[in-house]
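Asker: Here are the chains, one letter per residue:
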Amino acid sequence: MAQQIIFFILAVVIAVFSVMAVTSKHIIRSATYLLFVLLGTAGLYLLLGYNYLFAVQIAVYAGGVMVLFIFAILLTNRPGEDLRKELAVRRYAAGLTALVGLAFCGHIIYYNVKKVSSLVAQSDLTPQQLGHTMMGTDKYQYLLPFETISILLLACIVGAIMIARKR
Amino acid sequence: MDILNNIFAGQIPIEAYLGVSLIMFFAGVYGFLSRKSMLMILISIELMLNAADINFVVFNRYLYPGHLEGFYFALFTIAIAACETAVAIAIIINIYRNLSSVEVGNLDQMKE
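Heads up: the sequence lines are chains A and B, in that order. Under the working numbering, the letters of the first sequence match residues 1 to 167, in that order. Under the working numbering, the letters of the second sequence match residues 1001 to 1112, in that order.
Bound-form chain A, shown alone:
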C-alpha cells in the first residue's frame, strides 16, 4: 500500500510539473519545474528497485545538467523580460498535436499493454554484478558502449570548448 501511495504522489508531481515546465512564462521557473520532474523520475527508478540509476539520475541530471541550464539561463536572459510566445495559431497547432499524440498512445497503452504486464520479484542488483556487466565483452556485457561513451564525452568536452571560447 505504501508503494502505491508513493507512486501516486510521484506520478502527480511528474505530470503537473512537466506540464507547468512547458507552459510557464519565466524561463528560470521552467528550469526549476524541470528539476522537480527529474527528481520525481529518480524516485520512480528507486521505486522500481534500480538504486544505481537513481544515484546517476540525481548526480548527472538533477546535478550537472540543471547547473548547466541555470548557468545558461543567467548568461542569456535579460532580467525582467518575459519570454515571447509563438504565434497563437502555432501554439494551438502544437497543443493539438500533443493532445492527438497523447490520445493515440494512451489508447494503445490502455487497451494493449495490460495483457503482458506482471511484476516479478527480482533480487537486488549488487555493485559487483553491475561492474562485471559493464566491464565484460561477452554477450549481455557492455564494455564497447562504455568505451564509446568515454570517447563521446571527450569529443563533447573538446567541442563545447571550441564552440564557446572567445575568438
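Derived by calculation from the structure, the hints in this document are not laboratory data. Take every hint as true, because none was put in to throw you off.
Derived DMTMM-like pairs (lysine to aspartate or glutamate); straight-line CA-CA distance at most 25 Å:
(1) A:K25 to A:E86
(2) A:K25 to B:E1103
(3) B:K1036 to B:D1108
(4) B:K1036 to B:E1084
(5) B:K1036 to A:E86
(6) A:K139 to B:E1069
(7) A:K166 to B:D1108
(8) A:K166 to B:E1084
(9) A:K166 to B:E1103
(10) A:K139 to A:D124
(11) B:K1036 to B:E1103
Take the given structure of chain A and dock chain B to it, following the hints.
Answerer: Then chain B, alone, in the frame of chain A:
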C-alpha cells in the same frame, strides 16, 4: 476506473508507469513546438529524453526481470543527454554572443 482499482490493489500496473512517461513526453512535444526560446526547446528535449528513459527502465523491470539491457540503455542515454546538453548550451551561448538573442526566429543568419 480499472486502472485506479489496479493501482490501489495489488502491484502497480505497467500502464501506470507508461502513462506517467506518456504525459511527460507529450508535454515535451508541446513545449518543443510552441516555444521560441532555444533554452525552452532544450528543456522540452530533456523532458522527452527523460520519458524515454523511464520507458526503457520500466519495460526492463516488468518484461525482462533479471536482465539489464534496458537498465544500461537508460544509463548510456543519460550520459549522451548530458553531452548533448553541454554542446547545445555552448552553441546557444555563442549565438547569444553574436546575435544578443536566443530566439529561433532570429536564426536565419548563422554565419555572416
